[in-house]
Amino acid sequence: HLRLKYRKGKKYAKSAEQFINRLATKSSWTGNVYYLSCEGEERRSVGEWLTERLAAYKQSD
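Residue numbers (the working numbering): 13 to 73.
Some hints here could point you the wrong way.
[Claimed, not checked] Label pairs and their in silico Cβ distance ranges: (1) 49 - 28: 21 to 27 Å; (2) 46 - 26: 20 to 26 Å; (3) 22 - 54: 16 to 22 Å; (4) 56 - 29: 27 to 33 Å; (5) 39 - 71: 26 to 32 Å; (6) 44 - 24: 24 to 30 Å; (7) 26 - 53: 28 to 34 Å; (8) 72 - 14: 26 to 32 Å; (9) 41 - 71: 33 to 39 Å.
[As the list claims (entries may be wrong)] When the alpha-carbon atoms are kept at most 25 Å apart in a straight line, the in silico BS3-like pairs for lysine-lysine are as follows: (10) 38 - 22; (11) 23 - 70; (12) 17 - 70; (13) 38 - 70; (14) 38 - 17; (15) 70 - 22; (16) 38 - 20; (17) 26 - 70; (18) 38 - 23; (19) 26 - 38.
Quick caveat, the hints were computed from the structure, so don't treat them as lab data.
From a predicted model like this one, the values you see are computed outputs, not experimental measurements.
Note that CB positions come from ideal geometry on N, CA and C, so glycine has one too.
Please model the complete structure; the sequences and the hints are all you need to start from.
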């Protein structure tokens with residue numbers, strides 16, 4: 013689903029941070045926040061998870 017959102021909306025997101033904040037965190041139709049559940053972890057928002065993963069990726073460079 014996020015691939016489709018990126019493909020259709022990439023003109024609105026020139027950076028990974030913009031993609032997370034503008035497109036990847038909630039439904040553009042309903043406004044509902046996206047959540048994910050990882051085994052052994054609490055449910056959390058996709059925006060929070062993606063932001064943390066991006067920060068970890070940038071630190072690994």
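Problem set entry | Hint check, failures only | 3, 4, 6, 8
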